[in-house]
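Put chains B and C on the given structure of chain A with help from the hints.
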Amino acid sequence: MARMKFLCDSERCIECNGCVTACKNEHEVPWGVNRRRVVTLSDGVPGEKSISVACMHCSDAPCMAVCPVDCFYHTDQGVVLHDKDMCIGCGYCFYACPFGAPQYPQTGTFGMRGKMDKCTFCAGGPEIDHSEEEFKKYGRNRLAEGKLPICAEMCSTKALLGGDGDVVSEIFRERALKRGKGADVWGWGTAYGSAPAQQQDKAKEGKS
Amino acid sequence: MLIRKSSAPAVRGGRLARAHANSVSLPQVMDRRSFLKRSGLGVGAGAAISALASQLPFEMITKAEAAGSVPPPGPVEIRRTVCTHCSVGCAIDAEVRNGIWIGQEPVFDSPINLGAHCAKGASVREHGHGEMRLKTPMKLVDGKYQKISWEQAVNEIGAKLSEIRKKNGPDAVYWIGSSKHSNEQAYLLRKFVSFWGSNNCDHQARICHSTTVAGVANTWGYGAMTNSYNDMQNAKAILFMGSNAAEAHPVAMLHVLHAKESGAKVIVMDPRFTRTAAKADQYVRFRSGADIAVIWGLLYHVFKNGWEDKQYINDRVYGMDKVREEVAKWTPERVKEVSGIEEAELYRVAETMAKNKPSSIVWCMGQTQHTTGNAMVRAFCTLQLALGNIGTSGGGANIFRGHDNVQGATDIGPNPDSLPGYYGIVAGAWKHWAAVWGVDYEWIKGRFASEAMMTKPGITVSRWIDGVLEKNEYIDQDSNLKAVIYWGMAPNSQTRGLEMLEAMKALETLIVIDPYPSATAAMAAMARKDGVYLLPAATQFETTGSATASNRSIQWREKVIEPLFESKPDHTIMYLLAQKFGFEKELCKNIKVANNEPNVEDILREINRGTWTIGYTGQSPERIKLHMKNMHTFDVKTLRAKGGPCDGDYFGLPWPCYGTPEMKHPGSPNLYDTSKHVMDGGGNFRANFGVERDGVNLLAGDGSASKGADLQFGYPEFDHVLLKKLGWWDDLTEDEKKKAEGKNWKTDLSGGIQRVVMKVHGCHPFGNAKARVVVWNFPDPVPVHREPLYSTRPDMVEKYPTHDDKKAFWRMPTLFKSVQQKNIADKVHVSFPLVLTSGRLVEYEGGGEETRSNPWLAELQQEAFVEINPRTANDRGIKNDDWVWVKTPTKAQLKVRAQVTERVGPDTCFMPFHFSGHWQGKDMIEYYPEGAHPLVRGEAVNTATTYGYDSVTMMQETKTTVCQVVKA
Amino acid sequence: MRFFLMAAFVLALLGCGDRDKVAVYKPGDYQGKSDAAPWNNKTYNGDKAKWEGDVRARGRLQDESRRIGG
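Chains as they are written, first to last, in my numbering: chain A, 1 to 208; chain B, 1 to 968; chain C, 1 to 70.
Okay, chain A solo, but in the shape it has when bound:
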């Protein structure tokens, strides 16, 4: 069974924002809502590193645990989705999320939050696949077309990988072996409870 994961290789990420606009384009996400962002550490000084961040579709997703209306669900592929018809825009998931992924459009009146929006791993949501409703609420459903998240597919340096966790790990492992060092696979431990560290160790062994 395929388990979908994201991985961002900070050795490769050049903060070009291709992932961000690819997502905007694909799902026609409105201004002010960012399902994916690029964040940079040590901006402008040696050691500068960038990471592309979105919902990581955690194995044990904290958003699901705190949602008061149970609008979240895990698909069989490990994608965390939510039902916008149920969401009350309370913001709990935002406080729970270690990645700051949930986004809330403000609806205008009294600064009320709108319903939460986040990355769907390009898997649509709880509407009929490829329906107009699904697109309007959740965006395009690439997974049901046999395609993967557009952000990863269009990444300028192939820093962002997305897809079956085994395939993603394999690509990254080979890359890390070749260059002799793993990168910080930021967020993997938090999201998937498993160990990019092992891969780094393997890479180190490969080097020596």
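Hints are computed from structural coordinates only; laboratory data are not their basis.
Some hints could be false.
Said to hold, decoys possible - In silico lysine-lysine, DSS-like type, Cα no more than 27 Å apart, as pairs:
1. 431/B <-> 589/B
2. 357/B <-> 178/A
3. 147/A <-> 585/B
4. 178/A <-> 147/B
5. 147/A <-> 559/B
6. 181/A <-> 357/B
7. 147/B <-> 505/B
8. 355/B <-> 178/A
9. 42/C <-> 147/A
10. 759/B <-> 49/A
11. 642/B <-> 178/A
12. 822/B <-> 891/B
13. 559/B <-> 676/B
14. 445/B <-> 589/B
15. 807/B <-> 817/B
16. 49/A <-> 42/C
17. 49/A <-> 236/B
18. 592/B <-> 559/B
19. 322/B <-> 336/B
20. 355/B <-> 181/A
21. 42/C <-> 181/A
To be verified - If you only want the chain A side, here are some residues facing chain B, beta carbon under 10 Å, derived:
22. 19
23. 64
24. 153
25. 178
For each residue, glycine too, the CB sits at the ideal point set by N, CA and C.
Relative to the frame of chain A, chains B and C by itself:
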């Protein structure tokens, strides 16, 4: 049937457009940089992100709207096109249904981008939906733009320009073409201006890589990137100097980082710690404008340690001894004094480049946009020649061009000093092209003011404002400029904005032809009440044609959608205007015309028939289209097809692709590469500078020739005489003989000379010579460090003064020393103690109106800013995100946000050059046609940039000028 | 006052109610909402194996080394 992103034409852009239609002020979303600064990756990120929530409605959360206007589902068609935002040439598959661009898919098969895109490339579908376009022809009436019909626009423009032509002569009109035109459009525009009767035309290349083109062509033959983005995978060391590829050419970094992970060392030398620097093994900061001192400092270590390639220099380089004399002066102490670089740092760079061969260099506008740009690029070429890195896979001078087709427009487009293919504008060149065009040379001559004006290089785009404003007795043509046509070019990419506004006022008429109104429309409406016309042009996604990427590969774009609104393709507009001027029949003699649209394939075939000099002859539309369909068969590292219908070809038939298409030359992946046969894309340096200089042989040394050549020594270029002397004449067919008689390899329209020389004898048609590091026809034959006109270092100016003034240079008086000395006398360095430099952001392109009108990009960079070092900021009481005034000696002042950052040193300020729409603190929104202003507006750095031009090409100085920054 | 105390107490008790925090996903039947597995559509006609194979192959396209060949 899959339902995706469909919308009726009536609701083009739908949600996006509605969200922005009335957004005069944008939501106060935190910009990327401050977001980064304020957020940690952990807890802090949350709070920061919450601030990003928009005040705009988010329809994804509402009940889906009744989809009443959804058209009946039709089949989804895939149209393959190429991104229009930079010279990498990233392929795009557009999904189109019922004529609407509904999706964008990565092209993993492309050997150039392998599906990858940067922010700009990943957002091009917006072009099919954008509302901020110029929608109809418009005319400025009483200070406001009013809609007019195409018929009225063309009639009035035609009448006005004809009147000026009659009254003031054809040279009174200035045609600014575009590096965003397709090859066919750029070529047709040069032909159009020729038939108008003038050489007064130019395009972005003037202010982007003109110094490169002139510098490298005069060093070794052709004015282009020698290798390719892909070939950098074969490099063992890569030195970036004056290039910020991570922002300007992000997909190039796919190849660079792959090379790095395979062991290549990456070095970045730049006044600014760029995002490319963040990925480098070594970063070296130096004082802006000190490039020649730095490169000679590198060569100092190379020569001192004997790291140069002596055999290579002996066989393939002329004049290295003269360089040694100059380099000997550049001791580590002196280099440090001028550039600020420590000896050990520079030694390490030299050692890395010398001991990890093949090593490659990359430069961009950081080197080209200087008063000494032509010399800087030649110094860099000299370094590579000393190391034996040119003509080698993994080596080369990898000059990343800017616009998607700036290479093509340079090669065959509207240049003031040359007809297509660098033939120049001497009588012989005109006769060659007249023959190709099938028109009478005398007729063309009759269109010009005189034969002298026909062979005199026109005014450059960097100086058109002086063509308007300069006293008539000082300019080298009869009339001042009375009309300017901005055809796909931004005004804010040219320096001296304040004076440009004055020039716009002084014109009789100004015409803008562009998909977007562009800053030209807004500036013009600010400057005047009438006499301005706007014509909506289609983007490259709304037409078809070819584009030449930086690596000289030519790709074909299929038409994705029909022209939006009332826009028309540029070549159609050319035809309509030609009709008004009465030369449409001559313009399209060999070109079919349907519905006023000249046939694009026919134009390319005409280019094929005439452009022998640089091998634009083998790339027939059929061959290029075949490549686009079979991308998967091309190898990524070599770009060569393995099997399949394109077997043996290099991707996009990178020029030179000599001979007729039938000769099946595969294109040239790496220029001057002697390790390959000429019919395998091999070559050698060009014999273009004579055969002897001061008693020294300029031809290549014995044993140095391309693989398998019949002549394994240096030889001159081929013509009918040489062919006969060698006894090769009878290798021509009878028909070829007739056409080749009296001709040379560049003018033989049969292609027979090229065929015989290459296919039969394995030789290079342009001869086999040495590269020259002494360019005796340039002001500084061996590059010499000279301070910029506006320098913060009077002590350096005294030691390294600039050139003497020039009187008639590209028809303009051009000042050097008098400006520099006046600045010293006026103590400009005291009032303006900071270096002002400019550069790119990944989200925007060029003048930026197009990309700043795209909400997916605009959201990421919402304000113009100046980067300033913390020390400099603190000394001025400036905090991060404060509003500041950037002031320059032109008396211009720009109100922008301060980004306090260590990216720049304490002596330097950096501004991105993509902004426009604010003028010295004032929003220009009211001057745009209604509803067509870019979403993001800001101060254009070039409103405030100063005077200063390259001594060969009239490149403008933008990279080293001066400023002061004060809190607003 | 008493009413408010009662109300507060009831609310507090409600807070103690321990529900399963992780929703269980049932393919095609999620709390009354339709969401099918990605292979249950016209493209894949329920062929899960084909979908999984396609997605793995598609994933490998992100590995530039495969395209480059080392």
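Going down the list of hints, with the structure as the test:
1. 431/B <-> 589/B: Given that 27 Å is the threshold and the Cα spacing comes to 16 Å, the pair holds.
2. 357/B <-> 178/A: holds (20 Å)
3. 147/A <-> 585/B: This hinted pair is violated, its Cα atoms lying about 51 Å apart.
4. 178/A <-> 147/B: violated (61 Å)
5. 147/A <-> 559/B: Holds: residue 147/A and residue 559/B sit about 25 Å apart, inside 27 Å.
6. 181/A <-> 357/B: holds (24 Å)
7. 147/B <-> 505/B: holds (22 Å)
8. 355/B <-> 178/A: It holds: about 22 Å lies between the C-alpha atoms, which stays within 27 Å.
9. 42/C <-> 147/A: holds (15 Å)
10. 759/B <-> 49/A: violated (52 Å)
11. 642/B <-> 178/A: Cα-Cα ~26 Å, so holds.
12. 822/B <-> 891/B: Between residue 822/B and residue 891/B the Cα gap is close to 16 Å, so the pair holds against 27 Å.
13. 559/B <-> 676/B: violated (37 Å)
14. 445/B <-> 589/B: holds (18 Å)
15. 807/B <-> 817/B: At roughly 12 Å apart (the allowed maximum being 27 Å), residue 817/B and residue 807/B satisfy the hint.
16. 49/A <-> 42/C: violated (43 Å)
17. 49/A <-> 236/B: OK: residue 49/A and residue 236/B at ~24 Å, within 27 Å.
18. 592/B <-> 559/B: OK: residue 592/B and residue 559/B at ~18 Å, within 27 Å.
19. 322/B <-> 336/B: This hinted pair holds, its Cα atoms lying about 23 Å apart.
20. 355/B <-> 181/A: Satisfied, since the Cα-Cα distance of roughly 23 Å is no more than 27 Å.
21. 42/C <-> 181/A: violated (44 Å)
22. 19: Hint on residue 19/A: holds, closest Cβ of chain B at ~8 Å, below 10 Å.
23. 64: Not OK, violated: residue 64/A not within 10 Å of chain B, min 17 Å.
24. 153: With Cβ-Cβ at 5 Å, under 10 Å, it holds.
25. 178: holds (6 Å)
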